[in-house]
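Using the sequences and the hints, build the whole thing.
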Amino acid sequence: MATDIRPAKIENITTKKRLHFWLRLSSALIDISIIYCGSILLQTLIWKFTFVEFGDIFITTFLVYYFTSLLIFEGRTPAKILTGIKVMSTYDGNIHLKNIILREIVLKGIVGIILPIILLKYFFSVWSPLITMLIIVIMLLLSLILLLIFKRTWWELLSKTRIAKEGIIKRKIRKYTFVSIASLIIAVLIIILYPFVHTKSEFKKHFTSSFYPKYPVTKETKQYAEFISSHSQNPVDYIFSLFNKYDIVVLSERNHPEYSQYELISKIISDERFSKNIGNLFTEQGSVSFQDTLNTYLHTSFANEDELNKNTAILQRNSNAIWPLWSYTNFFDLFKTVNKLNTVLPESNMIHWYFTDIPANWETMTIENYRKGYTPLKRDSAMAMHIIQKYKDVISLQKRKKAFVIMNSNHGFGLLNGINKSGIKSVDSSTTNYLMKNLPGKVANVMINTISLKSGILFTPVQNGKWETAFSIVGNPSVGFDFKSSPLGDDEWDLFYQTSNSLTYKDIFTGFIFYKPLEEQYKKTGFPHEFDNYEDTLLRRASCLGNSEVEQDKKNIYFHNINPQEDIETESMLYAFFYNILNIIIIPFCLLSSFFMTLFFFVRQTKGSK
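Heads up: the sequence shown begins at 1 in our numbering, then just goes up one per residue.
Hints were generated in silico from the structure; no laboratory data involved. Be aware that a few hints might be false.
To be verified - For lysine-lysine, the following DSS-like pairs were computed, each having C-alpha atoms within a straight-line distance of at most 25 Å:
#1 222 with 484
#2 48 with 466
#3 170 with 607
#4 442 with 401
#5 442 with 222
#6 378 with 390
#7 214 with 516
#8 523 with 454
#9 214 with 454
#10 390 with 276
#11 160 with 98
#12 340 with 523
#13 340 with 204
#14 555 with 523
#15 523 with 554
#16 516 with 267
#17 165 with 151
#18 524 with 336
#19 276 with 392
#20 466 with 245
#21 121 with 466
#22 524 with 484
#23 555 with 524
#24 219 with 466
#25 401 with 245
#26 121 with 378
#27 401 with 437
#28 48 with 267
#29 165 with 437
#30 267 with 523
#31 390 with 245
#32 442 with 390
#33 175 with 607
#34 310 with 336
#35 607 with 172
#36 172 with 48
#37 267 with 336
#38 267 with 442
Since the model is a prediction, treat every value here as computed from it, not as a measurement.
Given below as structure tokens:
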């Protein structure tokens, strides 16, 4: 035991209980900063050999730090040494090994952290990390309430311990403690910020699209890379190979505005095999109410490019089921691509395009019937039935009995809402799942490389970035392959905010396409003639959604009016923006705050000492 850090005076344990709230809070914040920094250093070392999730490293460091600190420093942690408080037994004022084990390992570690994680992840067939975060917040609030009422936290009540204030620690111990904590924080700040300082010439691009830290090169990623280089084919050829076995192939689209995926889609549709053998296209975007308008457009040859642009703008502005204006350039360009193809194809090979979204009438739309008519939970079944009816009544009777379907994100998931390996049904259904149930054996679905939505708008890389690293090893080739025969298919499914430890990627998707790494994906918004004679109509339609939509569209109109020549805006996808805001700005700011907090207590203790 370290006997030289005994204080000059310790508060008598028989005196009235005191909360010491601010000292406790400051101590906890500094301790968490130390634990985080230690976890970063361990992660840097461990990732040179293998991958371990940061959360696991943090929890382990958390338990080891508190246990060893309280044991070695007799009820203190480095932060408590500076703030002048310590953990004591309620019986005799001394901290004992059994108190530490019960308090830190059993109560805080097993009951407070590990057990809830096991219950949430392994005993619920479908769960959400967002719910986990909510539960953590609730637990912290309950702990705070207990602290304010009983002057002790729940783990202190059960472990028979309490926090007491003590006198000044020896100057030498304070100095060593401060220097150690400060050095640790500074070292970790350098580790965190170095990748961006090192690439400052492309800072914006890396900050918005590259997740840091990157998944390490491990034995597993090398095995994945070997598979990728030897068991895959061109993504366009892969899609047509699926059509040899299935009548309907669904592509699960990335975020709607992402443009490069539509470069691939255009390659598929423009391929001679598509017009000859497939010929039918379904899209989530576009209300079935405007199908006749779409048919007329697809069979019209326009005099010149500007006329084509004008008519395409009118079609895109008026065909949406949900939004007053669909401003994404990729859809505009796809309209033009299919129109131009049809002008040179014989009638028997022309491409038929079908909208699938719910019926809409913007001329009679009000805020009341908008809210009544737009029920997202019914969209998937409605879109699926539109496809199924068209397939059974029209496509199955054609020479070309095939269809290519573009659905966004969760609408393209296959078995998420079917029966998982535990035999439990999940909570709702996707469009593709409806298709698979109603047309058994006729439907395949394909995932295109994207980001995970498991934490909502805090996008995270799929499999923590393992796939991205594996593809980068072999030069990020554009490839496609079945999940069933690949090691990627065996990975736990983590693409959505509802996930399950019993489902893998091969349970959800038939196949996978890698086309452009995250850093090369980008979005385009706007199109020619977007607001021509449409501003008043747009604002009236926007009013059906609410004032916030009206204000946003007013800003878009204003920007267009002061920049009339800038029809299209191109920028990187902000995949990693919020993730890096948290890890590269917010957390370093918190660490820096902890540094100054540590300095404050060091100076205060120094002034108070002899």
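To see whether the hints hold, each was checked on the structure:
Annotation: proposed proximity of residue 222 to residue 484 holds, straight-line Cα distance about 19 Å (limit 25 Å). This hinted pair checks out: residue 48 and residue 466 have alpha carbons roughly 14 Å apart, not beyond 25 Å. Pair hint residue 170 plus residue 607 holds up; C-alpha atoms about 12 Å apart against a cutoff of 25 Å. A distance of roughly 11 Å separates the Cα atoms of residue 442 and residue 401; the hinted pair therefore holds under the 25 Å criterion.
For a cut-off of 25 Å, the pair hint linking residue 442 to residue 222 is broken: about 35 Å separates their Cα positions. Restraint check for residue 378 and residue 390: the C-alpha separation of about 19 Å stays at or below 25 Å, so the hint holds. Under the criterion of a C-alpha separation no larger than 25 Å, the hint pairing residue 214 with residue 516 is consistent with the structure, at around 17 Å. Straight-line distance between C-alpha atoms of residue 523 and residue 454 comes to about 22 Å, which keeps the hinted pair within the 25 Å bound.
A distance of roughly 18 Å separates the Cα atoms of residue 214 and residue 454; the hinted pair therefore holds under the 25 Å criterion. Under the criterion of a C-alpha separation no larger than 25 Å, the hint pairing residue 390 with residue 276 is consistent with the structure, at around 19 Å. Taken as a hint, the residue 160 and residue 98 pair is honoured in the structure, with Cα atoms around 10 Å apart against an allowance of 25 Å. Among the hinted pairs, residue 340 with residue 523 is consistent with the structure: their alpha-carbon atoms are about 23 Å apart, no more than 25 Å.
At roughly 37 Å between alpha-carbon atoms, residue 340 and residue 204 are farther apart than 25 Å, so this suggested pair is violated. For the hint linking residue 555 to residue 523, the alpha-carbon distance of about 19 Å falls within 25 Å, and the restraint holds. Pair hint residue 523 plus residue 554 holds up; C-alpha atoms about 21 Å apart against a cutoff of 25 Å. For the hint linking residue 516 to residue 267, the alpha-carbon distance of about 14 Å falls within 25 Å, and the restraint holds.
Restraint check: the Cα-Cα separation between residue 165 and residue 151 comes to about 13 Å, which is no more than 25 Å; the hinted pair holds. Our distance criterion of 25 Å between C-alpha atoms is met by residue 524 and residue 336, whose separation comes to about 15 Å. Only pairs whose Cα atoms come within 25 Å are accepted, and residue 276 paired with residue 392 is accepted, the gap being roughly 20 Å. Note on residue 466 and residue 245: the hinted pairing is violated, with a Cα-Cα distance of about 30 Å set against a maximum of 25 Å.
With a C-alpha separation of about 21 Å, the suggested pairing of residue 121 with residue 466 holds against the 25 Å cut-off. Restraint check for residue 524 and residue 484: not satisfied, since their Cα atoms lie roughly 34 Å apart, outside the 25 Å limit. Pair hint residue 555 plus residue 524 holds up; C-alpha atoms about 18 Å apart against a cutoff of 25 Å. Restraint check: the Cα-Cα separation between residue 219 and residue 466 comes to about 11 Å, which is no more than 25 Å; the hinted pair holds.
The straight-line distance between the Cα atoms of residue 401 and residue 245 is roughly 12 Å, inside the 25 Å bound, and the hint therefore holds. In summary, the hint linking residue 121 to residue 378 is not supported, as the alpha carbons are separated by about 28 Å, beyond the 25 Å threshold. For the hint pairing residue 401 with residue 437, the CA-to-CA distance comes to about 19 Å; that is within 25 Å, so the pair holds. Between residue 48 and residue 267 the alpha-carbon distance is near 40 Å, which puts this suggested pair outside the 25 Å criterion.
For the hint linking residue 165 to residue 437, the alpha-carbon distance of about 66 Å lies beyond 25 Å, and the restraint is violated. Straight-line distance between C-alpha atoms of residue 267 and residue 523 comes to about 18 Å, which keeps the hinted pair within the 25 Å bound. With a C-alpha separation of about 20 Å, the suggested pairing of residue 390 with residue 245 holds against the 25 Å cut-off. Annotation: proposed proximity of residue 442 to residue 390 holds, straight-line Cα distance about 14 Å (limit 25 Å).
Our distance criterion of 25 Å between C-alpha atoms is met by residue 175 and residue 607, whose separation comes to about 13 Å. About 11 Å separates the Cα atoms of residue 310 and residue 336, which keeps this hinted pair within 25 Å; it holds. Taking the CA atoms of residue 607 and residue 172, the gap is about 14 Å. The hint holds against a cut of 25 Å. Restraint check for residue 172 and residue 48: not satisfied, since their Cα atoms lie roughly 36 Å apart, outside the 25 Å limit.
A distance of roughly 13 Å separates the Cα atoms of residue 267 and residue 336; the hinted pair therefore holds under the 25 Å criterion. Between residue 267 and residue 442, the direct Cα distance comes to roughly 23 Å. Compliance with the 25 Å bound is thereby established for this hinted pair.
When each numbered hint is compared with the structure, violations occur for hints 5, 13, 20, 22, 26, 28, 29, 36.
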